[in-house]
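J.: Please arrange chain B on chain A, whose structure you already have, making use of the hints.
There are 2 protein chains.
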Amino acid sequence: MDKLYAIGVDMGGTNTVVGFVDRRGDIPVRTSISTVDYNTGETYAEALGKAINELIVKHNFSGKITGIGMGVPNGNMNDGTIEKAANIPWAKSEVVPLAAMISEKTGLPCKLTNDANAAALGEMAYGAAKGLKDFIVITLGTGLGSGIVVGGQLVVGHDGFAGELGHTRPVRHNGRLCGCGRTGCLETYASATGVARTAREFLEIYPERKTLLRNITAVPITAKNVYDAAKSGDAMAIEIFEFTGRILGEAIADFIAYSSPKTIILFGGLAHAGDFLLEPLKKAVDKNVLSIFAGKTEITVSTLNDAEAAILGASALAWEA
Amino acid sequence: MDKLYAIGVDMGGTNTVVGFVDRRGDIPVRTSISTVDYNTGETYAEALGKAINELIVKHNFSGKITGIGMGVPNGNMNDGTIEKAANIPWAKSEVVPLAAMISEKTGLPCKLTNDANAAALGEMAYGAAKGLKDFIVITLGTGLGSGIVVGGQLVVGHDGFAGELGHTRPVRHNGRLCGCGRTGCLETYASATGVARTAREFLEIYPERKTLLRNITAVPITAKNVYDAAKSGDAMAIEIFEFTGRILGEAIADFIAYSSPKTIILFGGLAHAGDFLLEPLKKAVDKNVLSIFAGKTEITVSTLNDAEAAILGASALAWEA
Chain A
1 MDKLYAIGVD
11 MGGTNTVVGF
21 VDRRGDIPVR
31 TSISTVDYNT
41 GETYAEALGK
51 AINELIVKHN
61 FSGKITGIGM
71 GVPNGNMNDG
81 TIEKAANIPW
91 AKSEVVPLAA
101 MISEKTGLPC
111 KLTNDANAAA
121 LGEMAYGAAK
131 GLKDFIVITL
141 GTGLGSGIVV
151 GGQLVVGHDG
161 FAGELGHTRP
171 VRHNGRLCGC
181 GRTGCLETYA
191 SATGVARTAR
201 EFLEIYPERK
211 TLLRNITAVP
221 ITAKNVYDAA
231 KSGDAMAIEI
241 FEFTGRILGE
251 AIADFIAYSS
261 PKTIILFGGL
271 AHAGDFLLEP
281 LKKAVDKNVL
291 SIFAGKTEIT
301 VSTLNDAEAA
311 ILGASALAWE
321 A
Chain B
1001 MDKLYAIGVD
1011 MGGTNTVVGF
1021 VDRRGDIPVR
1031 TSISTVDYNT
1041 GETYAEALGK
1051 AINELIVKHN
1061 FSGKITGIGM
1071 GVPNGNMNDG
1081 TIEKAANIPW
1091 AKSEVVPLAA
1101 MISEKTGLPC
1111 KLTNDANAAA
1121 LGEMAYGAAK
1131 GLKDFIVITL
1141 GTGLGSGIVV
1151 GGQLVVGHDG
1161 FAGELGHTRP
1171 VRHNGRLCGC
1181 GRTGCLETYA
1191 SATGVARTAR
1201 EFLEIYPERK
1211 TLLRNITAVP
1221 ITAKNVYDAA
1231 KSGDAMAIEI
1241 FEFTGRILGE
1251 AIADFIAYSS
1261 PKTIILFGGL
1271 AHAGDFLLEP
1281 LKKAVDKNVL
1291 SIFAGKTEIT
1301 VSTLNDAEAA
1311 ILGASALAWE
1321 A
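Those protein sequences? They're chains A and B, same order as listed. For the first sequence, this note's numbering begins at 1 and goes up steadily by one. For the second sequence, this note's numbering begins at 1001 and goes up steadily by one.
In case anyone wonders, no lab produced these hints; they're calculated from the structure. One should not assume that every hint holds.
Unchecked claim - Capping the alpha-carbon separation at 25 Å, the derived lysine-lysine pairs in DSS-like fashion look like this:
1) B:K1231 to B:K1283
2) A:K84 to B:K1296
3) B:K1084 to A:K287
As the list claims (entries may be wrong) - Derived coverage of chain A by chain B (criterion: at least 3 residues anywhere in the stretch with Cβ under 8 Å from a Cβ of chain B; other residues may be distant):
4) 138–151
5) 173–182
6) 255–269
7) 282–292
Claimed, not checked - In silico contact screen, one side only, chain B against chain A (beta carbon under 7 Å); selected entries:
8) D1134
9) H1158
10) E1164
11) H1167
12) T1168
13) C1180
14) I1292
For each residue, glycine too, the CB sits at the ideal point set by N, CA and C.
So that you can see chain A by itself, here it is in the shape it has in the complex:
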């Protein structure tokens, strides 16, 4: 019998969401468990396996599932492990063979990868990358993640950890301090956190300039504040997105020289800033890209539903497996 569903698991820092996905990308059945209420990988795997098995019985899905795909922080696709994920208590300082554990609990094949790679697979199966063999998904959230597909294959590298474009360094000297301990990483500029940081810098550098951003005093400025100000026509807020788009565009010009993707898909919160970000970004790509690649790479925003994209992407891994 043809398998009808793939299970997609999106492990977030708080909850783990499970969806049963059909070939069209519909998600008729869902559930979720806590990610963090467990002391060991074993007890987490047991809870997740139990949740999946119960749904299979309840909906009479036995024999109809092709397998399980998971998007997890610091997921190593080659080994099926979650490795030293800072925000997951039971995997903080360990290498947990999670795919094998879930496979054992459910009797289903299980593969995992990191969130950005799952997003790339989701775009290929259900989104803007349908039919494409060479593309990059850049996720613009708290940090900058990336999933690179080359010749139809996810780039995972010899160790399973390739595709860390947020930690390439466009600003080599006197760049911003990054959470990774180095300076000048792309994600310190091109991410929601990066935009907020640029806002704080601009306010300090230009004390004489008037801007709506000076009215925000209660909490540290967020990317959302900058977006709202830009929508109101605030010149400094618009410049902050121009600055962000320029740095990301210059970096993308280098990514194009590397793997010559047909399309670059922006995903995540900051991608919704729309033309405030996209216009200067595209301009910077055009200005900086090597002439043989000029005008060849489309830059677009994901059309997948933010809440569902991670499950879809993870499930795409199961269809592949």
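T.: Chain B in isolation, oriented as in the chain A frame:
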């Protein structure tokens, strides 16, 4: 019958060298023709086809050849074309479907790619990348070329032109003018030409410093002059290699974040500078690489014979085809 030989064709700016290569990488039969003594792609293809066919008859190789692989300037592997190659008179402003033409003249399958990609395939078939699925070959000659292998597949991109690492830009602002018309490209620093340029800059910036390089007056300084001076213990010459190695090492740290290669193989004239270049390069990689990749990527110099590597690499394309 098992095929015994692949034909490797290395098209240089002056001559085109043809070798019949066996599975061990021995080249029992060779010939060459001019690259430039032709007005059209058709007459060149005819001459090359004739040279190949004559050797097949002479050595009774009929039926023993698996195919022809070619390394050509501006070679597009997807389309089998040579596209606007500035130094080839019959392809200067045209797109010539050379693979199909050679296949037609010889009755053998023919594939082509650019020189650096051919070098990568050569390393995988016969050299330092034997058995590796993720590696990068960086060719350090007049310019900087690169062949990237990911998951066992050459990265060619959607248009056949991926892998232009020489035109990623480590120096985004106030960088050196590059032949491509932009500034700050890696190859303006990390190449034989780049080393000579650094020498001229250092001589100008430090007029008071003593160095053997000031004795060279007859011609513009070359990378070879700098190497000879470094071997004699000249401090400035050694610093020139340190400067070059540092910039290349910082760039390689970014390449590792992209595709996490197991090995990076340096090839070509400048790679022979040995530890003068390698030591500062490795130090810069160690200092700049993201911690999850630290110590994982080996950086090494090609062991293939310079004169034969291009033919071996091109022939590897034919074994693949």
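J.: Give a verdict on every hint.
T.: Hint check results:
| no. | hint | in the structure |
| --- | --- | --- |
| 1 | B:K1231 to B:K1283 | holds (20 Å) |
| 2 | A:K84 to B:K1296 | holds (17 Å) |
| 3 | B:K1084 to A:K287 | holds (22 Å) |
| 4 | 138–151 | holds (count 3) |
| 5 | 173–182 | holds (count 3) |
| 6 | 255–269 | holds (count 7) |
| 7 | 282–292 | holds (count 4) |
| 8 | D1134 | holds (4 Å) |
| 9 | H1158 | holds (4 Å) |
| 10 | E1164 | holds (4 Å) |
| 11 | H1167 | holds (5 Å) |
| 12 | T1168 | holds (4 Å) |
| 13 | C1180 | holds (6 Å) |
| 14 | I1292 | holds (6 Å) |
When held up to the earlier numbered hints, the structure conflicts with none and fits them all.
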